[in-house]
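All chains should be modelled from the sequences, with the hints used to inform the complete structure.
Here's the letter readout for the chains.
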Amino acid sequence: MGNAHRPYLFPLLLLIAGLVLLAGCGSDHRFVKKTTFEDANAITIEFAGPVDASWATDKSNFTVYEKPDPDILLTIQDISLGPDQHRVTLTFQDDLNQDQPHVVTTTDIRSQGRSIGPAVLTVKKLYMGYLLSIFIGAMVISNFVFTKYLGLCVFFGTSQRKSTAVGMGITFTMVIVVSAMMAWFLYQFVLKPYRLDFLQIVVFIGLVSLSVQAVDTILRKVNPALFKAFGVYLVLVIANCIIIAVPLILADNEYNAFESLMLAAGAGLGFLIALFLMSSVRERLDLANVPPTFRGLPIAFVVAGLFALAFLGFSGMSIF
Amino acid sequence: MEADKPIQQEEKSSAVEETRHNMLTVSVSPHIKSRESVEKIMWSVVACLVPPLILSVFVFGLQTLIITLISVASCVAAEAVSQKLLKRPVTIRDGSAVITGLLMAYVIPPGVPYWIPILGAVMAIYVAKHLLGGIGFNIFNPALIGRAFLMATFPVAMTSAWLPPLRDAAIFTYMGQGVDAVSTATPLYVLKHYGVQALMEQFGSMSTIYRDFFMGLRPGCIGETSAFLLLLGGIFLIYKRYITWHIPVSVIVSVAFFTWIFGGDTLFTGNPLLAVLSGGVMLGAFFMATDYVTSPTQMTAKLIFGAGIGALTVLIRIKGGYPEGVCYAILLMNPLVPALEGWFKPKRFAPPKGALK
Amino acid sequence: MTTDILTFPKGGAHPAESKELAQDQAIEPMPTPDSLEILLSQHFGAPADPLVKKKDVVVEGDLIGEVTQGLGANIHASVSGTVKALGMSAHPVLLKVPSITIETDPEAEARVFSPSDWTGLSKEDLLARIRQAGIVGIGGAGFPTHVKLSPPPEAEVDILIINGAECEPYLTTDHRVMLEQPDAIIEGARIILTILGINNCHIGIEINKPDAIEALSQAAARASSNGFHIQVNPLQVKYPQGSEKQLIEGITGRQVPGFGLPFDVGVIVQNVGTTKAIYDAVVLEKPLYEKVVTISGRGIARTANLLVKIGTKVSDIAQYLGGTTPDLGKVIMGGPMMGFAVPDLNIPVTKTTSGILFLTEDEIDTHPHGQCIRCGWCLEACPMGLSPNEIGVYVEAGRADETSQFGVFECFECGCCAYTCPAKRPLVQFIRLAKMKAKK
Amino acid sequence: MPATTKSNFQLVSNGILNENPIFRLALSMCPAVGISTSVMNGILLGIAVLFVQVFSSCTIAAIKDYIHPRIRIPTYTLTIATWVTVIDLVLAAYMPAAYKEMGIFVKLIVAFAIITMRLETFACKNSVQASFWDGIGMGFGFMFGMMALGLVRELLGMGTILGYDVLGFRPLLFFVLPAAGFFCVGLMMGLFNYIELTYNRKKKGT
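Residue numbers (numbering that gives the first Met the number 0), protein chains in the order written: chain R, 0 to 319; chain C, 0 to 356; chain B, 0 to 439; chain V, 0 to 205.
No more than 16 angstroms apart at the CA atoms, straight line, and that leaves these computed lysine to aspartate or glutamate pairs for EDC-like:
(1) 312/B x 343/B
(2) 318/C x 264/C
(3) 239/C x 38/C
(4) 344/C x 379/B
(5) 423/B x 35/C
(6) 66/R x 251/R
(7) 346/C x 379/B
(8) 99/V x 251/R
(9) 191/R x 251/R
(10) 161/R x 282/R
(11) 124/V x 64/V
(12) 191/R x 253/R
(13) 423/B x 38/C
(14) 9/B x 243/B
(15) 53/B x 102/B
Source of the hints: derived by calculation from the structure; they are not laboratory data.
Just so we're clear, the structure is a prediction, and the values are computed from it rather than from any experiment.
Structure representation (structure tokens):
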């Protein structure tokens, strides 16, 4: 390729990533300003203008379900409309599981006699907090290595030295963010619309190889020094099951672009943290008088078990 | 199954040549050494841990003594057996296994079956300590690993065998009784699930609560209840310079601080004093987080380590699946110690240029 | 004179002083033994070449050994008598070194030296006298003093420090010298100041020797009329207060960089004993062939501060003082923190011997050592900010060659770490091993 | 490198013993830790891996002459992914309960290092028949490793074997927790090392 392209390559990629991200954060419906959970068993929808009372208070105009279970519709007990006719509060029979996003589907919204079209609204608790909880969750609380037991081959293979561990962790984080975003894009805009879900595995693993190749090429051209430091780990990335687990999880949970980004970044950084801790521990254990039959991998497994025991402290934790 | 001779043995014997020659000892300087020794430190810690045990006998009954003795005995036995198996010198006299046994017993509920600590001892001493190279190389606090193991193995007993304090010192009350008949809820459990109002209904007015909790008249683990006695022991250890103030103070301050911010219904309304008195904070701060092997050596690192423990404790208490989080918080900070040691090194005396990386 | 009580900021230990055993014993000349072995390697550098043959007759103070190439110092006969043998003798550190054995002539009279005026002498003449007298740093490794007093021209030396800290437990040699001959020390300091061409001198003394501080302050006041600024600085009692780098930092606040020398920060340090020897060499024109040695410890019948002829054997000293006790466990040449244990008493005193300690089994530590428990006390104690615990662990794991990352070569083996270690780990020994292995 | 000279039996036993994927090669550790909680899980995932390994090995061995060396890794990956998709869909359709228990791990077979490694080191150099037997050996080796772990953990954790109550009580609930998977694998590796060490010593001694 011509040399002239080189400086534009990286910004271009950033731009594409930005566009992908923007696609994910479009408003649910232009007439809806905000949706929030109210109390333990209510959802409030705030509209941009006044809505008709006859439409708003009719229970049959709203269907609500938890995002992972579209088949179970929640029973709406009561609907109340605020005095300025902007706010509609749906009260439910049972308490809502607010850790899960809920989907509210409405019929044609009617405002001052006009029809504004139906809306599919996603209600989430404290959106930034939700993103943060995905991020922290993937990074620490349900760390992929110590609580989900994924990526172990690479984890044990590259945690012998601190320098190797950090190199691997950084490389892995880069690749997983790139590949997860591409996977999200393909899943949302190709696989799902064309009902090709069953090709998930083939497509995702293909994407991973592709992004490994892409990062390889870009690094080699843009920053040869960095490539020299991290290039060796690129091959290993593909053998790490976290890299395929993350796209599968974000497809399963129907995450949007931001959520996917958080999950991917959290998983990558969580792997980096796990690697760093493990490598610093193993460097110390190198000096220890470990029984000969346990030297090397066996003792690393025992230590990882101790880590997992400690991480049990996070079980049952939900931040937001 | 580890019948092999540790390979370092040879290195060691050549490294330390202490010979007696014409009845005169020849060895490398210094020829005088301080009077302190590992044994002295360890047995001092044991001594500081005895008063809470005596109190718990009067508060929870005689079976706490039996549980503690079984725990200590099984830890010492596990240490001796592990060291024999691994062909290492048996060092049960140094008291470290006794401390492990005591601490493990102190963080389990007073109404558990007597044999429970035996399993914990195997995990704590053999797996968490001797497989990793013996004292000095155990990355995690063995007593807490033992407790976490028991927690995972006997979740019901370990989270429900709480006993209401005896007010009449009738120490045989709970002996041989089924636990279910008398079990109660710990203050932190009540606080987490029902709030301060329920706590006051169960334990009386706020001033009564502070007084009782400070003295140790409350449901809780065997050795964690009496903030007063633990504080006394901890101050003695600080006075003897066996531990420094950094870790205990930073743990307690950060628990209080984060509870104050996040512990209430809204921000900045938590009750820091209650948080410090009602769980295992005192025991953890003075006796567990300060374990030499599993805590950093540099002062800044100690402060960070302690603050991390406090923050994680509050996080687990408020957001986690358990009402109390001190033990897990310490376990989660333990593996950070080698990294902290790498980040915070002693300040070198004018090192030659280029010698520091 | 009142000043702040100074010390170095980082590390250090407080070993039991045990100075009360000998500090009140006035300096006492020891009668000449029947024969003595004068080692030809008593200084930093190559051994001296003998200038006498077997059966030669020598007189007290005669030059009998000379170093012609490289660093070294002259060796003089300590007694009048006949050369009996040129052989090998035991040395506390180097094990076996060449020596000259002299059989004392019991009839010979002691030489008498009378003071002369030195103020008219040039810098070169003064240095020549010091060189001629064979003076070395008698508090430490025996670095030739005339070399030390000739810093390279680019070094801008502005402070002279006289080291009277004597921080090693048991030792009281410097203490007694300061107490009994304060004027000689001040005179010696003035000689050094003249050589260096400066006028600022600090004398550092630990405050556990208040009488010495008093004596030197008065002597300094008496002599301060002629342009020299000599000041006594009381120092905190903390080991290793007398270590060169620590002393310089405590008094001047300057830090000597690693592998550097004091003149890099404009300071020259001389020990009190060396200063006294310089006085002897310049004013009395007396070579360095006898020195004050503290004989202490609970393993000897009588403790003393003896003026001993160099070459006198430890066994003769022990015999003179009434013999050793049955529970004697260890004999140390030097202080208990940095001195060398010797296998038997058949070993002669050298120019750098500041004390001979006869320690009983109770006084020494014979605990077996355990594994490092990472208490961090050695990190607290190390005055150089090193990590003795890590070095020890690396050495035990057979990875001594990786220890230079902990600055193992900056260690001057003061022994604070091993002293404080509750697991009784021989950390200094580990560090020496590490130095040997890491050098390769 | 020439094609293997080992007999079919040797190929199979090699995978089960000498080069056991879990305990000797230390590959594919995630399921060994994550879902080796029961013998049944071990058998099911073992079958899935066996299936993917055998079919991928055979596929690669069959088309090895047509693969350009530079694109061989992507080819392996896609081959494996195809067969994983097949077994994934089959299991989801016919064994939904077991499929749910194994969660994401069936899909993750695609990233198991052992399969790619056998393709790279064996299948691409050997005949279809040899690759078939090698795949059988590796698959069974994996399955036996999983079953051994599952046996220990199910017995100690639930007191059952293959769901049948053996002990009548649950000794140590800890062992069904995934955290125990690390310990079991670590201790078993230690055991394997110990057996090898004593065996070698005996051989040296005589």
